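Chains as they are written, first to last, in my numbering: chain A, 503 to 617; chain B, 359 to 470.
Note that these hints are calculated values from the structure, not bench results.
Mixed in with the good hints there might be a few duds.
In the EDC-like style, the derived pairs of lysine to aspartate or glutamate whose C-alpha atoms are separated by at most 20 angstroms in a straight line are [said to hold, decoys possible]: (1) A:511 with A:540; (2) B:457 with A:532; (3) B:427 with B:389; (4) B:361 with A:532.
All of these numbers come straight from a predicted model, not from anything done at the bench.
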Amino acid sequence: NAGVTQTPKFQVLKTGQSMTLQCAQDMNHEYMSWYRQDPGMGLRLIHYSVGAGITDQGEVPNGYNVSRSTTEDFPLRLLSAAPSQTSVYFCASSYLFRASYNEQFFGPGTRLTVL
Amino acid sequence: DAKTTQPPSMDCAEGRAANLPCNHSTISGNEYVYWYRQIHSQGPQYIIHGLKNNETNEMASLIITEDRKSSTLILPHATLRDTAVYYCIVSPIYNQGGKLIFGQGTELSVKP
């Protein structure tokens, strides 16, 4: 299993540009989510999904869109990039109903700089 | 979700046990204590979780006090590769897929 993969690893955007961060998992996990991590900070939840066709907002959803058309993929779209969105973005996935505990698997991250 | 308090940083000598404390005084009876770690520039990695009994796996041991208000993660023989930020998180049982609230964690430096 490849686990959780993210592309690209690095990206530089200009203010106002749009782009999509890709996330895929091959573990048949129902739950997928996006976090951002700013320097010296913990992770903050942006959006999450509990299955194909179902998404919801996390703590910091403004400026981001998501969709979940398949179990495997959960792309994150930046509509109009702003310097405040400079961050490291992590995608995570987990099972929903197979155990009582919450073991989430994280991707390697995408480092985004907005100029 | 209950909040946690951890020291911002700790040092440990290589080969020694690293004991990382966490306070979670407002934890409720239906919440697990989780530990994740984040090695520099990588995504967080699950280490262990527990409810009220002590737990051990191939990575670490988790000691939870009887009143459940605090816990300690123990890395029995720390190596340089254990240098990372360690996050203590509490989250409801049967909350698979639920939001994990990451605080600032403890930055553990293992020194030769």
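Query raised in the report: Between residue 511 (chain A) and residue 540 (chain A), does the CA-CA distance stay at or below 20 angstroms?
Result: 16 angstroms, holds
Query raised in the report: Are residue 457 (chain B) and residue 532 (chain A) close enough, with their CA atoms no more than 20 angstroms apart?
Result: 14 angstroms, holds
Query raised in the report: Does the structure keep residue 427 (chain B) and residue 389 (chain B) at a Cα separation of 20 angstroms or less?
Result: 11 angstroms, holds
Query raised in the report: Is the hinted pair residue 361 (chain B) and residue 532 (chain A) satisfied, with a Cα-Cα distance of at most 20 angstroms?
Result: It is violated: about 26 angstroms lies between the C-alpha atoms, which goes past 20 angstroms.
When the structure is compared with the earlier hints, a violation turns up for hint 4 alone.
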